[in-house]
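Protein chains in written order, with the working numbering: chain E, 48 to 687; chain W, 48 to 687.
Hints listed in this document are in silico derivations from the structure and should not be mistaken for laboratory results.
Incorrect hints may have been included.
Which copy is meant is left open, because identical chains are indistinguishable; a pair holds if it fits in one copy or across any two.
To be verified - With a Cα cut of at most 27 Å, we get these calculated DSS-like pairs of lysine-lysine:
{"hint": "1", "residue 1": "K507", "residue 2": "K459"}
{"hint": "2", "residue 1": "K217", "residue 2": "K386"}
{"hint": "3", "residue 1": "K641", "residue 2": "K439"}
{"hint": "4", "residue 1": "K224", "residue 2": "K313"}
{"hint": "5", "residue 1": "K52", "residue 2": "K281"}
{"hint": "6", "residue 1": "K217", "residue 2": "K633"}
{"hint": "7", "residue 1": "K102", "residue 2": "K614"}
{"hint": "8", "residue 1": "K683", "residue 2": "K473"}
Chain by chain, the residues run as shown.
2 protein chains.
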Amino acid sequence: MKNRKVKVLFEPYHKVVEVPKGTSLLEAASQAKVYVSSICGGDGICGKCRLVVKKGAIHTTPTTLLSRDEIQKGYVLACQSRVVKDVEIEVPVESRPEGEKILIDKDAQRFRAFYPIAGEKVFFKHDPLVQKLYLELPQPDLLDNLADHQRLYREIRRHRHEPIMQSGLKVLRILPKILRQNQGKITATIGIRGRTTEVIQIEEGDTTPHNFGIAVDVGTCTVVAHLINLNNSKTLDAEATYNSQRVYGEEVTRRIIYAELKDPDKLQEAIVNDINNLISTLISRNKVKLNDVTALLCAGNTTMIHLLLGLDPSQIRREPYIPVSTSAPPIRAAEVGIKINPRGLLYCLPSVSSWVGGDTTAGILTTQIYEAEETAMLIDIGTNGEIVMGNKEWMVCCSASAGPAFEGSGVKHGMRAAEGAIERVKILDDGEVKYSTIDGVKPKGICGSGLIDSMAELFKAGFINRSGKLNPEATNRIRERDGELEFVLVPASETETGEDIVLTRPDIENLIRAKAAIFAGASILTKSMGLEFDDIDRVYLAGGFGSYLNKEKALVLGLIPDVAPEKVQFVGNTSIAGAKMALLSKETLDKTYKIAHQVTYYDLITYPGYMDEFMSAKFIPHTDISKFPSLVKRLKLKED
Amino acid sequence: MKNRKVKVLFEPYHKVVEVPKGTSLLEAASQAKVYVSSICGGDGICGKCRLVVKKGAIHTTPTTLLSRDEIQKGYVLACQSRVVKDVEIEVPVESRPEGEKILIDKDAQRFRAFYPIAGEKVFFKHDPLVQKLYLELPQPDLLDNLADHQRLYREIRRHRHEPIMQSGLKVLRILPKILRQNQGKITATIGIRGRTTEVIQIEEGDTTPHNFGIAVDVGTCTVVAHLINLNNSKTLDAEATYNSQRVYGEEVTRRIIYAELKDPDKLQEAIVNDINNLISTLISRNKVKLNDVTALLCAGNTTMIHLLLGLDPSQIRREPYIPVSTSAPPIRAAEVGIKINPRGLLYCLPSVSSWVGGDTTAGILTTQIYEAEETAMLIDIGTNGEIVMGNKEWMVCCSASAGPAFEGSGVKHGMRAAEGAIERVKILDDGEVKYSTIDGVKPKGICGSGLIDSMAELFKAGFINRSGKLNPEATNRIRERDGELEFVLVPASETETGEDIVLTRPDIENLIRAKAAIFAGASILTKSMGLEFDDIDRVYLAGGFGSYLNKEKALVLGLIPDVAPEKVQFVGNTSIAGAKMALLSKETLDKTYKIAHQVTYYDLITYPGYMDEFMSAKFIPHTDISKFPSLVKRLKLKED
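The task is simple: from the sequences and hints, build the whole structure.
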């Protein structure tokens with residue numbers, strides 16, 4: 048009875064799957080299409096894939112990542128557990144993707160809401176990458192006997208300066224019939240392919256009113272798509288989803304390893320499906336025909352773009368960190384399975400390097416650092432934490448390897464900016480905790496802005512010291528569990544999960560590590576140019592925090608350099624903003640290539656002095672508080 | 048028993064095919080893959096598809112195209128005959144394709160032999176459209192961390208000026224592995240695509256010695272292919288075959304009609320198969336690997352190129368004669384099913400118009416008319432008879448609709464330049480006929496140069512008068528058959544077929560019509576520029592006549608303008624010569640686009656005065672012999 052199958056029931060989804068005896072619970076969940084959080088991709092080291100066994104027995108490997116209390120309640124790590132007989136499993140709230148549906152709706156609204164902050168319509172010429180031209184070709188006669196193909200080009204050139212044009216056989220094969228059946232009245236769809244303009248489609252009559260594009264932010268965690276009317280630059284709708292590659296690892300590196308050692312196609316399939324689902328939602332909701340979507344532009348980090356295009360990402364994680372391409376060519380979207388007009392084009396924004404991708408290029412574009420007189424710093428707090436510094440004369444950048452702590456990963460009750468996430472926290476003088484959640488519902492966990500707030504407030508209240516150590520004398524909210532101190536942010540009575548929402552010692556250490564990495568990166572960039580923080584005229588903070596980020600508290604935490612708060616500007620998701628701008632303007636797309644080329648990348652891991660900077664930054668706000676003169680003044684800090 | 052099948056045996060091939068009762072013999076032959084001549088494509092009007100019924104009965108439509116004698120011998124027209132019971136058919140020599148195998152071998156030699164006349168190696172820079180570059184990319188490190196893709200471009204640009212480059216995902220997908228497994232030592236195959244240079248292939252190590260291209264003359268009758276070493280411009284081998292589209296009609300117009308009304312795919316399939324067969328013969332004979340053939344360049348008339356690329360040719364035959372394209376884009380050869388390197392490129396030389404194609408562009412290129420001070424005329428005597436006149440300041444051209452008489456079609460014993468074709472004819476003072484055949488074997492028929500010789504000699508001997516009328520008083524070789532006069536060129540006793548080889552009255556009329564069309568075209572072009580024939584400094588005669596053409600006799604016939612014989616130069620197959628030059632030089636390919644653009648096309652059918660010119664030219668040499676002053680002097684001609 049070797050391959051005997053057993054049944055696994057996943058609650059609360061009522062999903063049953065039959066798998067061979069010995070299958071891991073993580074694999075079973077994947078087969079049942081039940082999402083279970085996992086950062087390490089199944090190596091038993093992140094402790095995120097927590098499930099509760101309700102009925103039946105399981106074989107599980109001992110782990111230190113679950114508390115005695117949790118084990119007694121039936122908690123197991125999905126990747127470390129194998130099914131041996133029929134079993135009933137509960138997916139606890141913290142392991143759920145916060146409800147795909149809820150996120151999609153709310154995030155879409157949120158992205159719509161904060162998008163204009165990133166500077167829509169500000170500074171680019173409307174000249175979309177794919178355009179429709181209505182043409183009335185004069186009827187040929189013996190004196191004007193140009194061939195259909197050349198006649199078409201001549202007519203296009205009467206409207207536009209297009210020195211280099213091309214068109215495939217598929218267009219030429221239908222051209223004569225369409226021209227003659229419509230007395231020369233046709234619509235040509237033209238798209239930019241490098242230095243060449245391609246006639247990608249010919250349609251009967253005037254179809255120019257129907258030309259749509261989709262801008263996509265291909266994030267490691269979330270994928271955001273905006274549907275755009277290419278005729279007038281208007282954003283018609285937005286939609287977001289989790290990147291379903293997460294089941295293969297939450298971190299970029301994990302996914303590279305999965306692609307390298309296991310199956311790169313699965314990762315491509317996952318992101319292509321995500322994008323196709325977003326497109327299909329957007330077009331059906333807005334009554335747009337698939338055929339009228341002629342262009343898709345993706346901004347994403349270098350690995351995401353490699354996985355999307357089916358390029359081998361394996362060298363990205365190995366010194367000297369060489370990607371296959373930092374500037375992939377425009378291709379037909381269908382070539383990677385993306386479902387828009389079958390001859391529609393897919394563009395990807397160029398990367399600077401393996402670890403500074405097209406999302407950062409989009410950020411530089413959106414914030415206009417590359418053409419400003421003043422010196423600015425852009426800090427994108429996402430899975431990695433890319434930092435760019437510069438002005439129109441020079442730009443330097445780095446990737447801080449901060450990890451996804453501020454996106455809620457590696458933090459026990461961390462979560463992304465979605466319904467029920469604690470996004471603001473204040474600790475009153477009497478030690479009372481005030482908080483607010485996204486959409487005002489009962490809290491489920493803490494998102495990035497809530498984590499920054501919490502850390503700054505814990506410090507200001509004296510509940511943690513400069514090295515992040517919890518002081519159990521300071522408040523009775525600090526307690527011991529399994530031999531570790533933790534801070535109870537919200538008691539079980541007030542939460543959606545019915546459990547206390549806490550910040551543990553490892554959580555605090557993770558967050559300090561993440562902020563130290565970012566600060567050290569900012570510090571290295573500044574020093575590399577022989578400058579001081581005082582020389583920074585503006586700090587742009589980007590990232591998927593939702594609509595809210597408390598700049599003051601980011602300063603207190605030492606996440607960003609100590610500059611006057613008015614110099615700090617929260618710019619939201621610059622990746623999608625830049626993607627839209629490039630999609631809507633050939634000139635702007637060209638700029639992104641120049642930008643990606645102009646920025647000098649520093650690899651922090653091998654950069655002299657980075658480790659010292661990082662270690663020094665592992666304090667709140669920093670070992671050397673003289674780096675935070677204004678903060679010292681405001682908070683009356685003293686040297687330890 | 049509606050669909051009862053009957054058997055048809057074709058001799059001398061011993062091929063049997065089973066077809067439904069009522070199938071035409073032409074269709075049955077096609078299914079048996081037995082080639083039977085046909086000009087009209089099955090409409091019963093050309094009288095070329097002659098077969099002999101040896102055993103069994105056939106239903107046949109009465110025809111005036113067979114003589115009583117022939118009918119008694121069992122001759123039928125294949126397209127007008129339907130099989131009703133098992134039947135045994137003999138394909139007579141005149142209906143055979145002169146033995147595919149023989150032609151291929153002999154023609155290949157012939158083309159090799161006369162090719163240098165067309166000016167190989169004369170005036171182009173060696174810079175093939177597809178090249179292999181051996182590269183040693185420096186190993187990346189932290190300071191030189193360019194992505195593989197951009198590193199490749201940088202290295203290519205160290206060798207060559209390539210401002211605009213592109214490469215598809217297929218190349219990018221294999222690039223990192225090949226680079227690392229070979230320590231950066233790779234060979235990049237780069238090909239010209241419009242203004243862009245594409246990296247079409249990456250190979251391990253140094254494969255540069257193996258880079259081959261194929262130049263193809265896609266003729267209406269014959270397809271000629273040359274295998275070329277792209278590294279040194281050397282022609283390694285040549286091969287020729289009949290264009291197997293002939294079963295769908297010998298003339299261009301017939302094929303257009305077939306494509307339009309029946310099945311365009313069959314025509315594309317036929318020519319693609321022909322080209323694939325030529326390639327496969329060439330590469331196996333020369334031990335070249337298919338993968339090392341990276342480029343194919345085709346020169347052909349506009350219709351042939353349309354059919355090859357699968358473009359709709361139907362407007363080519365309708366006023367105002369508009370082709371789909373005069374300048375088709377380079378594509379991947381695999382896109383039309385041509386079997387070379389799967390990423391290899393297919394180029395087609397640009398046409399001037401629907402009726403002046405890339406073969407003529409090749410002729411202009413080869414003869415250098417477009418950059419000469421002197422004024423030249425190029426007359427290409429093929430299926431149509433394209434004429435170009437001009438110099439570096441201006442060029443005009445036309446297509447004379449001469450029909451394929453000089454290629455042997457529409458002439459009872461006409462045949463192409465192949466083994467056994469009579470290629471030289473002399474009539475001695477005593478009326479004796481001297482002739483020589485290709486390869487010196489027993490005569491099977493008369494090829495183009497033999498027809499020109501015969502006509503001129505018949506005229507000079509006084510056997511035909513200026514209007515081409517046979518004079519039965521002049522020689523006993525002129526006899527009557529079925530009420531028509533004919534001239535016995537070779538008696539049955541000397542021929543391969545065991546039949547007399549004759550020139551009939553309709554043959555002579557056809558030939559005069561053909562030469563008149565060409566002369567009238569030449570005349571119109573000259574007049575259109577306000578010039579006289581005297582202003583022509585050089586006349587180039589092109590066409591697949593084999594190695595021999597008697598200029599003097601072409602003058603006597605009035606096929607070409609009366610210029611001093613030393614001004615006339617026979618340039619052979621300029622189509623293949625030009626194709627090779629363009630394949631071997633990017634600069635030359637660029638020139639062909641300029642040439643095609645610069646030439647002004649006159650449509651003769653609608654050109655004022657053309658009909659008068661044509662009618663006046665239907666005499667030997669012309670109605671107005673004052674147009675032939677030198678000839679008049681030499682032959683002591685008098686006005687009628």
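Results of checking the hints against the structure:
Proximity of K507 to K459 under the C-alpha cut-off of 27 Å is restricted to the intra-copy arrangement: shortest distance 22 Å within a copy versus 109 Å between copies. In this homomeric assembly, K217 and K386 come within 27 Å of each other (Cα to Cα) both inside a single copy, at 18 Å, and across copies, at 20 Å. Only within a single protomer do K641 and K439 lie at most 27 Å apart by alpha-carbon distance; the minimum there is 12 Å, versus 43 Å between protomers. Proximity of K224 and K313 under a CA criterion of 27 Å is satisfied inter-copy only: 20 Å between copies versus 42 Å inside one chain copy.
In this homomeric assembly, K52 and K281 never come within 27 Å of each other (Cα to Cα): the closest approach is 53 Å inside a single copy and 68 Å across copies. In the homo-oligomer, the alpha carbons of K217 and K633 lie at most 27 Å apart both inside one protomer (25 Å) and across protomers (26 Å), since each shortest distance falls under that limit. Taking the shortest alpha-carbon separations for K102 and K614, neither the intra-copy value of 57 Å nor the inter-copy value of 103 Å comes in at or below 27 Å. In this homomeric assembly, K683 and K473 come within 27 Å of each other (Cα to Cα) only inside a single copy, at 19 Å, whereas the closest approach across copies is 119 Å.
The earlier numbered hints that this structure contradicts are 5 and 7.
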